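Student: Sequence:
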Amino acid sequence: MADTLFDKDFLKRIEYLNLIARRLVFGRQQAQHQSVRKGASIEFKDFREYSPGDDPRTVDWTVYARLGELVIKLFRQEEELDLWVLLDRSGSMNFGDPNKFDHARRIAAALAYIGMSNMDSASIVPFTNKLEPGRTQLRGRGRIFNVFEFLDDLKTGGVTDPAASLQEFVSRVRRPGLIVLLSDFYGLERVRAGLDRLRFFKHQIYVMQVASPWEVNPTIRGELRLVDCETSEFDDLTITDSMLRRYRKAFADFSEDIKRYGMKYAIGYALARTDTPFDAFLRTVLERGGLVA
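Using the working numbering, you'd call the opening residue of the sequence shown number 3 and step up by one each time.
These are computed hints drawn from the structure, not numbers from a lab. These numbers come from a predicted model, not from an experiment. Do not take every clue at face value.
Unchecked claim - Result set (EDC-like, lysine to aspartate or glutamate): computed pairs, CA atoms no more than 16 angstroms apart in a straight line: (1) Lys266 <-> Asp198; (2) Lys261 <-> Glu191; (3) Lys157 <-> Asp104; (4) Lys10 <-> Glu151; (5) Lys132 <-> Glu170; (6) Lys204 <-> Asp84; (7) Lys261 <-> Asp198; (8) Lys10 <-> Asp281; (9) Lys157 <-> Glu134; (10) Lys14 <-> Asp281; (11) Lys10 <-> Asp154; (12) Lys132 <-> Asp163.
Kindly produce the complete structure, drawing on both the sequences and the hints.
Tutor: And the structure:
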């Protein structure tokens, strides 16, 4: 698979990220929970089928001896958390070198691997102006190849409406989970409206703003035709130094607005520049204690 985004080297890199996640985030969280609950009673909740990647110590060997089925025990005291990666695949994501959508897909795959290894389940759901079919409720690291295949085949197109997409999401998913939103976030007011809906239903939220170096700090000057990636509308402009300065300030203000909104409502934020390798970006997020509160 010469054209795949997800080669053997990618798999090695996400496994290393997973080790970091276990040590820096999930290990600390587990220790905190155990400390809080020390001496408390544990109520049995249910069984679920064993999936590759589950801790073998959680297998109920009595059931296996009796029925020949591998199942694990769930307890009400365990805080199960689903990971949902909502991936913007609108036309504006197909931009830049390195390409924004390629970068976002690599980040999404790495997050799914971490989620399938450490959380109750992981899901990847693309969206434009509505939610689209994805890969949901995946458990166990062995399912990562299903994720690779899905993301390799995913293309960009259409316009984005995060408010409509997130409203559709909360109408389907009511159990609070960890929501990672991967997007360039154009149309900030609509983004805020969508995030407000997620907050209302008590989801943990982390937003990752995907941007190319050209969007952050363009240097091109002269006569240009600027084409809207989503609507194909265009403007013919003469780009001057003063226009570039105004644009850079506008982009910095735009990103700062997203970050400020997140800080106000305990929403995580990170700028995912495409010239930063996906694993270096995610390692920084993890080292700052991101993803899981």
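Student: Hint by hint, which ones does this structure get wrong, listed from lowest number up?
Tutor: When the structure is compared with the hints, none of them turns out to be violated.
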